[in-house]
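Protein chains in written order, with the numbering used here: chain Y, 6 to 303; chain D, 8 to 604; chain P, 48 to 382.
Think of the hints as simulated: they come from the structure by calculation, not from any bench.
One thing to keep in mind: the hints can contain errors.
Listed next, the in silico SDA-like pairs over lysine to any residue satisfying Cα-Cα at most 20 Å (straight line) [to be verified]:
#  : chain 1 : residue 1 : chain 2 : residue 2
1  : Y       : K205      : D       : G370
2  : Y       : K205      : D       : P392
3  : D       : K128      : P       : S272
4  : Y       : K196      : D       : K130
5  : D       : K99       : P       : Y203
6  : P       : K173      : Y       : L88
7  : Y       : K205      : Y       : Q224
8  : D       : K130      : P       : Y295
9  : P       : K171      : D       : P29
10 : Y       : K196      : D       : L454
11 : Y       : K205      : D       : E91
12 : Y       : K205      : D       : V406
13 : Y       : K196      : D       : M67
14 : D       : K132      : P       : V299
15 : P       : K173      : P       : S272
16 : P       : K169      : P       : I237
17 : P       : K169      : D       : F365
18 : Y       : K204      : D       : V406
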Amino acid sequence: MDGIIRQIIFAAKPRLKEARMSLYLLNRNSLTRASLIIMIGLLILAVVAPFVIPYPLDIMVDTDPANSLQPPSSEHFFGTDELGRDLFSRILYGVRISITTAIVAVGFAVLIGSVLGAIAGTIGGWVDEVIMRICDAFLSFPPLLLAIATSAMLGPSLENAQLSIIISWWPWYTRLLRGQAISVKEKPFVKAAEAIGTKKIRIMFRHIVPNCISPIIIQASMDMGSVILTIASLSFLGLGAQPPIPEWGLMVATGKSYFMNAWWYGIFPGLAIFIAVLTFNLLGDGLREILDPKTRKN
Amino acid sequence: MQYYLEIRNLKINYKTYEGSRPVLDIDELLIERGKTYGLVGESGSGKTVLALAIQRLLSMPPGEIESGQILLDGSDVLKKSDREMEQIRGAKMSMIFQDPMSALNPVFTVGMQMRKIVMEKRKLKKKEAEAAVLDMIRTVKLPDPEKIIHKYPHELSGGQRQRIIIGMALLCGAEFIIADEPTRNLDVTIQAGILKLIHELQKKFNVTVLYISNNLGLVSAICDDVAILRNGVIIERGSAREIMKDPKHHYTKVLIESVTPSRGKETSKEPPAEEALKAEDILTVDKLVKYFPIKNEFRSKKGVFVKAVDDVSFSIRKGEILGIVGESGCGKSTLVNTILFLHPPTSGKVMFDGRDIFGLGGGALRSARKDVQIVFQDPFWSLNPRWLVKDIIGEPLVVHKKLSSIEYVETVQSLMDMVGLDPADVYKYPHEFSGGERQRIAIARALSVSPKLVVLDEPTSAIDVISQKQVLNLLEDLKHRLQLTYIIISHDLGVVNYMADKIIVMYLGKIVEFGSSEAIFHQPKHPYTVALFNAIPSLKTQSVEDLAQIKGEVPSAIEPPAGCRFNPRCEQCMEICRSVEPEAKLVDDRLVACHLF
Amino acid sequence: MRKYIIKRIFLSMIVLFMVVLITFVITRAIPGDPAVKWAGPRASVEQIEAARLELGLDKPYVIQFFNYAGNLLQGDLGYSYITHRPVADELLETIPATMELIILSTVISIIVGVALGLYSAKYKDKLLDHAVRFFAIGSVSLPSFWLALALQLIFYGVLGILPLGGRVSTEISIFYQIPDITGLLLLDCILTGNWVVFKDALWHIILPVVTLSTNVGVVARMTRSALLEILNEDYITAEKSYGIHERYILWVYALKNSLGPTATVVTLTIGYTIVNTFLVESIFSWPGIGKYVSNAVMSFDYPAIIGVTIFSAVVYLILNLIADIIISLDPRVRI
């Protein structure tokens, strides 16, 4: 028992040092630091949203037609929508929706894509060819188009939007991991493992994959921003979240109809999208500056 | 202005996230006009930083010059503006780069790049520039200048590219040339030609040369004065002759030792005759052939192969050390991969400990792997950077034995102790160790399941010279203690001579000479062996003239020459050599495959 | 070289086949019965059955696929559920308007983006570089539909200097002849010398083009990173050590090396822009493919949606092919 604890501590120490160094580097750029703080804020918000927003019932249940389309005031910071619901509350709750949907979508895309990519890269041969051709086919659609088409076919709902994102996004990760796997495969320590007699599966999961994770992490964090934007765009078109879900894109779409009279309805949800996406993109870019060997300043 | 280049009190730092790290601290470096000055240092000693700093090409965000003077022909380079530097570069000084492939722009023809230099620096019109370019190509001894100017860099061979680079440095009209390890990436037999060329052209164009290298033997052969750089500091300087004859600093002495191929082994020279007879063959390679089919996008081209290893036969006795010597492309890596059972031969047999290896089934083959292990050249990438040392060393144990976790750690720790590492470091990561220490980890890994044969692929090429000595001595010691047999591949003849009992010299997939290392080193017979040994600079080399050069380039392994494979480049080639492949004959204690015998 | 092009075209055909396959699978994944949708909300059972036969839905899937693919080859993209007109015709009508937007915004994005990228690479880590970086990430994070609305609000709602939407204002379209040669309105105006309409059309096109040009940032960043990679190469240091002018090194040497990545960037940009039109055109009442698609989505007009999908995918495929060919101009690729 004591040995295991000691092992964990010893294994964790250098990892912690790496993490501390990354944090330090992230913090150096004030923009990245700001986005790190905002992101943490957003994550916390996503968790505690139901408990902190001023008008919790306005999310799904309550409507107050008398108060319809009121401009921003001290009671309703962002004004109200056509059903009299408090926009501020709905937008804050939207953080939870957007982030959870995005995490699930990116998570599955990464999972599926990485497994396929690891297999393609490690095994090679015709398995590799087949997987890559399928990837090519999926990737030959302009970004977002496949998601739109799939969503349209499956029927508009937030879950289906999630599914279509997973379907359109996984090939990027497959390509990424496969490229890494191929370059790692050539490294001497993999040859050494072969010479030792290690089984191929063990080589794949314990040698190759751990060395391929870093670019995946960078890509996934950059993708968080894009996915949130995609979900919003799909909802804007009517393909994602359906009323009364307080999803930002949907709110902008509805707000469009009342735009000239109630500008706040279209503007504030869109602003929320912008801030959330910007935060994740800045963070992802900052991470890339640190971890990507090509842009590293040695 | 007695000196052409004067460097005084130069301190250069590198800014990292951990603070400023000093990289160069040169008290004084003085180069006389018209002389060749050698700067010797290992990787990381700061020599390339110096080369770039002199030209003010050092990237300044990470690099910063804290203080110092670099006087080029009297004026301080560090005080000049960027515009002035642009004028100076090329016109007064230029550089020859280490890697000719990366130093040429791949999307422009060689001719265009050379022409641009002439037009820019000498302000000539296109027609005249072209003539100057053709002339320079001839001067660097390349045939068919008209054809070459239309070629792209990747269409030329390594040696040709390097000659072009030399030509480009001279075309600028520079009077000072910095040569940054110009032969590092070339085959040893091509190297001699390039060195001779530099030497000749230096005299012809009357330039001062700063020659940077990691090889003291090379530098002492061609330079007038030498300085030794270690960790950014010059630890010894003087004329080349002085330093080689009477080195003062301990480090210099180690450097000199490492390039002396005539260290014999005093210790185990005389094995008792009885033991020698009793020792059986542990490895027998019989007519081994390994061809690789050439793939063409969708299918393999029929009948076209890379003939990597072609009909190789030899044997090793238990307890022997076999050295394999040859340049890149000779097939030694493929040979070794086959011996390691990594890919089956196209034909031929490999008998290990009496058993035909490739006749074994899956399970038996896997357990046979216990007996043959390998230590690679690259100490960085031969260990999984994300694994603890404990897991790295213990991997063979996990695969081949069933141990409890306590036994496992204890075994790993005793292995670390055996190779001279601190057993408490068992929970560290590879990057926390130095290059030499990482090689020890690799050795510990190789020994963990008590192998009988250990293959060492360039075990010391990538580590510093002090660690080299330690690692070689460790290997010697381990061999006796554990009764191991070694195969050592190295391009460093000093290493091979120091360690090996027998050696194989390979060329283009064939063995040209095989026998006791003492005999072969003392008197090489095969023309290729002779040329190879003479092309490598050593203590015996007094000047560039002594270096042997082999004409031509190494042919492709896809269509090797008919008859003796060495015939197109052999000085003593006869009619028969062109058509009939020579058999291996026993001559003076070794086998030679040459029609001369 | 020719062999390479033929090989790439061949590979593209395979990919095209898979694209068609994928879209076919998608069409058959529709929940609900296409025959019902075709026949309309008040159809009788016989009418629905007739619709089913007409649409060929009674045949096995494989036959359906071949019919589908065969039709595609002949340019038949099916018939809209709503208007019952051939989708192909409707597309042809709406393409020119979108083309105008795409061409203009792509040209602007490329020219400005590449220039910005070059300068941020040259002045790495200086103020310009940071500004470009922030601008790039910011512009990519902007939801295009939100930007459209915001711009409308500011320039029409508040400032009143730009029109709300459409290609030309209603007054102009009543009193003047709108030229229609290529379908690209601005070009047609220039060709016919119709300056009044030109000015009006120009005013109308400003906001949509600006909204769609947010890719400028991405182009700048990708140019910057491609250039930085190149500038770090040994041969650039070599050229500097020969004393060649830095301007020449940047604009001639380095730029030629970056042709490949730039072609890739352009292709990606056009791809993004095509999809952005779906989001943005309806806001500006721009009569292009985007508006067509967003209407189709609203009314569940599946053939229209699929038609646009296939069309866009094919265009994208062709663009990628061209980019591949440009990349292969790199002498190292000559095999």
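Checklist entry - Taking only the CA atoms, is the gap from D/K130 to P/Y295 under or equal to 20 Å? => result 15 Å, holds
Next on the checklist: Does D/V406 sit within 20 Å of Y/K204, going by the straight-line distance between their CA atoms?
Outcome noted: 8 Å, holds
Next on the checklist: Hinted pair, alpha-carbon criterion (20 Å max): P/K169, P/I237. Please report holds or violated.
Outcome noted: 38 Å, violated
Next on the checklist: So if I understand the rule, the pair passes when the alpha-carbon distance is 20 Å or less; does D/K132 with P/V299 pass?
Outcome noted: Cα-Cα ~19 Å, so holds.
Next on the checklist: So if I understand the rule, the pair passes when the alpha-carbon distance is 20 Å or less; does D/K99 with P/Y203 pass?
Outcome noted: Roughly 63 Å separates the two Cα atoms, so the pair is violated.
Next on the checklist: Tell me if the straight-line CA distance from P/K171 to D/P29 falls inside 20 Å.
Outcome noted: 24 Å, violated
Checklist entry - Hey, Y/K196 versus D/M67, does the alpha-carbon distance stay inside 20 Å? => result Roughly 39 Å between the alpha carbons, so the hint for Y/K196 and D/M67 is violated.
Checklist entry - Given the proposed pairing of Y/K205 with D/E91, does the C-alpha separation stay at or below 20 Å? => result 59 Å, violated
Checklist entry - Is the Cα-Cα distance between P/K169 and D/F365 20 Å or less? => result Between P/K169 and D/F365 the Cα gap is close to 58 Å, so the pair fails against 20 Å, i.e. violated.
Next on the checklist: Tell me if the straight-line CA distance from Y/K196 to D/K130 falls inside 20 Å.
Outcome noted: 54 Å, violated
Checklist entry - CA of Y/K196 to CA of D/L454, is that 20 Å or under? => result Roughly 16 Å separates the two Cα atoms, so the pair holds.
Item to check | Pair hint outcome, P/K173 versus Y/L88 [Cα-Cα no greater than 20 Å] | outcome: 50 Å, violated
Of the numbered hints stated above, those contradicted by the structure are hints 3, 4, 5, 6, 7, 9, 11, 13, 16, 17, listed in ascending order.
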